[in-house]
Amino acid sequence: MSYGSGVLLEAGVVGPMRHQLGRTLLAVIAIALGLALGLSIYLINRAAADEISLAARSLYGLADLAVVATNEDFEEELYPLIARKPGVSIASPQLRVEANLADRRGTLAFVGVDAFRYRALQPAFASVADADRTTRTLFDPRTILVSAAAAQTLELREGDALRVQVGLDVIAFEVGGVLPAEAFRESIAMLDIATAQWAFGRLGRLSSVDVRLASGASALDVRRELASLAPNRIRITTPGEATDEALRLSRSYRANLTALALVALFTGGFFVYSTQALAVLRRRREFAVLHALGVTRRQQLGFVLAGSALTGLCGSALGIMLGTWLARLGVDA
Amino acid sequence: MPLLQIDRVAKAYGVAPARRVLNGVSLVLRSGEYVAIMGDSGSGKSTLLNLIAGLDAPDHGRIVFDGQDLAQLGDAERTRLRRARMGFVFQAFHLLPHLSVARNVALPLALNGVRGAAAMARVERMLESVELGSRAHSAPSELSGGEMQRVAVARALVHRPSLVLADEPTGNLDADSAREVLALLRAQLKRDSAAGILVTHSLAAARTADRIYVLDGSGALSEREEPVHA
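Order-wise, the sequence lines are chains E and A.
Sequence positions in the first sequence follow the numbering used here and run 8 to 340.
Sequence positions in the second sequence follow the numbering used here and run 1075 to 1304.
Don't read these hints as lab results, they were simulated from the structure.
Each residue gets a CB set at the ideal place from its N, CA and C atoms; glycine is no exception.
Possibly wrong hints are sitting among the right ones.
What the hints assert, rightly or not - Counterexamples of contact, computed for chain E against chain A with all Cβ distances above 12 angstroms: (1) A156; (2) D167; (3) A262; (4) A316.
To be verified - If the Cβ cut is set under 8 angstroms, some of the chain A residues that face chain E in the computed set are: (5) L1129; (6) D1149; (7) R1156; (8) F1162; (9) H1168; (10) H1172; (11) L1173; (12) A1184; (13) L1185; (14) V1188; (15) A1193; (16) M1194.
What the hints assert, rightly or not - Computed beta-carbon distance windows for the label pairs: (17) A/G1088 - E/T331: 51 to 61 angstroms; (18) A/G1106 - E/G13: 31 to 41 angstroms; (19) A/A1195 - E/L33: 23 to 33 angstroms; (20) A/G1106 - E/L312: 39 to 49 angstroms; (21) A/A1166 - E/D339: 32 to 42 angstroms; (22) E/R25 - A/S1100: 22 to 32 angstroms; (23) E/A284 - A/S1100: 25 to 35 angstroms; (24) A/E1216 - E/S12: 23 to 33 angstroms; (25) A/S1100 - E/L33: 45 to 55 angstroms; (26) A/S1218 - E/T331: 50 to 60 angstroms; (27) A/G1148 - E/L312: 18 to 28 angstroms; (28) A/G1187 - E/R304: 11 to 21 angstroms; (29) E/L320 - A/V1089: 42 to 52 angstroms; (30) E/T331 - A/V1089: 56 to 66 angstroms.
Could you build all of it, start to finish, from the sequences and the hints given here?
Next up, the structure:
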């Protein structure tokens, strides 16, 4: 930068910022805080949405469609009808029950599956090193497998007991293993579907049937055929729709977070506007002198805008770093 | 052709009743001439200076600077004309506090596109001529009032303007500093053959100019018959 340009930059932009260091730092901090809050909320929001989507999607595995109960469950007689429909390659029945834990506060989702069918639709489940043992474990009526999330939350290890309240009875299960985290992101316990029906008093009932289409089958046709089996008791959904549904459930929560982010940004923006307006007012005499020395109004505006841009740039850089760190802190917590 | 021609200029402030501060003021100034304009506080001296600089516009009359009628120029054109052809010395110095002495003096050069080594050399020479070469890197706050005004004189003359406007340049100085600054201002103007207008209410200060004009209470300007610097 030439001597002359340096003099102009210092006279109109950098010098005043340095001369009023406190005000400049305050503006930078205000921008940084507003941006950091907005950014961290946005990132946490997005991480939550991604997590919800992944959790919803992971349960489907390779399934193209799912037949789900419109109410709590439907009769299992529908299962062979679904499995035999033209265009259906694999049908994997499931019973999902949210059960109260006996010795601890809270509930846990118990998912009963047909291990052989489920393996065909869930590559991660099939590819675990001891998949055969996992499958065998699922046939033991006292044993359950827990997802990594559930194991972490409930502090469970292989061999631990987990007691569940079912009506007035308490049923004890033994943890037979921990499912791979990448395949099951939800906090769940998995057990054999027959065991689940018996243990939770839901004999002959199913919550859903995941369906893999045969090669070349029309998804629309199969969907229509399946829906016609019991129009009032079942509905057909896809993994994408299930993800959307899961996201819809958290929409208001996420909307609140977004509003909070906007409030933070607006507050920061207003504060910056106020400090900049005050700074320009304070520099009125200086601008009058500069005008007398030959600085045009346009150049004065340029000085103010350049100063604001520089302040914004510093604040933004700081805000992005702070926001990313805050978001990481929030997600890891 | 005169450098500056002020022709029956009038200016009033406020409405019903407006206060007329300048009333049919006329003045002709040639290159190299140094005149003083005296008057009491509020007599319109600074207003006249602002009109000459193009910072304000007269209600009536014409101000022609170097053949250009200021009324015919836009604000940006007047600003560029002032930047290139005029220099300002203010009563309160008005040095930029965040710039060093050298950079304050360099500002008119930077605004006029004089860059690099040429600018630095000219600043150095100018500071030497006002005997502040050793204070080039000082902040204005580290200088005395007299020193600050000498820096202001250097700033007003560094880009070799045709006309220097000095508005009560000794108003904030003690008697010794005032004498020094006035002598310096006159010497520098004569060295560069620049014209100068000194606005002051001090007769002693006005006597350093070639001619003295007086603005009376009615806003009229008349020459005082008192030869000073011949």
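Verification of the hints:
1. A156: Fine: 58 angstroms to the nearest Cβ keeps E/A156 off the interface.
2. D167: holds, 69 angstroms
3. A262: The claim stands: E/A262 keeps its Cβ more than 12 angstroms from every Cβ of chain A (closest is about 46 angstroms).
4. A316: Given that every Cβ of chain A is farther than 12 angstroms from that of E/A316, nearest at about 18 angstroms, it holds.
5. L1129: It holds, given that the least Cβ distance between A/L1129 and chain E is near 6 angstroms, below 8 angstroms.
6. D1149: holds, 7 angstroms
7. R1156: holds, 5 angstroms
8. F1162: holds, 5 angstroms
9. H1168: Since chain E brings a Cβ to about 4 angstroms from A/H1168, closer than 8 angstroms, the hint holds.
10. H1172: At about 3 angstroms, which falls below the 8 angstroms cut-off, the nearest Cβ of chain E leaves the hint on A/H1172 intact, so it holds.
11. L1173: holds, 6 angstroms
12. A1184: OK, holds: A/A1184 within 8 angstroms of chain E, min 4 angstroms.
13. L1185: Holds: closest Cβ of chain E sits about 5 angstroms from A/L1185, inside 8 angstroms.
14. V1188: holds, 7 angstroms
15. A1193: holds, 5 angstroms
16. M1194: holds, 6 angstroms
17. A/G1088 - E/T331: 51 to 61 angstroms: holds, 59 angstroms
18. A/G1106 - E/G13: 31 to 41 angstroms: Holds, since A/G1106 and E/G13 (Cβ atoms, about 34 angstroms apart) stay within the stated range.
19. A/A1195 - E/L33: 23 to 33 angstroms: About 40 angstroms separates the Cβ atoms of A/A1195 and E/L33, which means 23 to 33 angstroms is violated.
20. A/G1106 - E/L312: 39 to 49 angstroms: holds, 42 angstroms
21. A/A1166 - E/D339: 32 to 42 angstroms: violated, 58 angstroms
22. E/R25 - A/S1100: 22 to 32 angstroms: At 47 angstroms between Cβs, range violated.
23. E/A284 - A/S1100: 25 to 35 angstroms: violated, 43 angstroms
24. A/E1216 - E/S12: 23 to 33 angstroms: holds, 26 angstroms
25. A/S1100 - E/L33: 45 to 55 angstroms: holds, 53 angstroms
26. A/S1218 - E/T331: 50 to 60 angstroms: holds, 52 angstroms
27. A/G1148 - E/L312: 18 to 28 angstroms: Roughly 22 angstroms apart at Cβ, these two residues keep to the hinted range, so it holds.
28. A/G1187 - E/R304: 11 to 21 angstroms: Because 19 angstroms falls inside the window, the suggested range holds.
29. E/L320 - A/V1089: 42 to 52 angstroms: holds, 47 angstroms
30. E/T331 - A/V1089: 56 to 66 angstroms: holds, 60 angstroms
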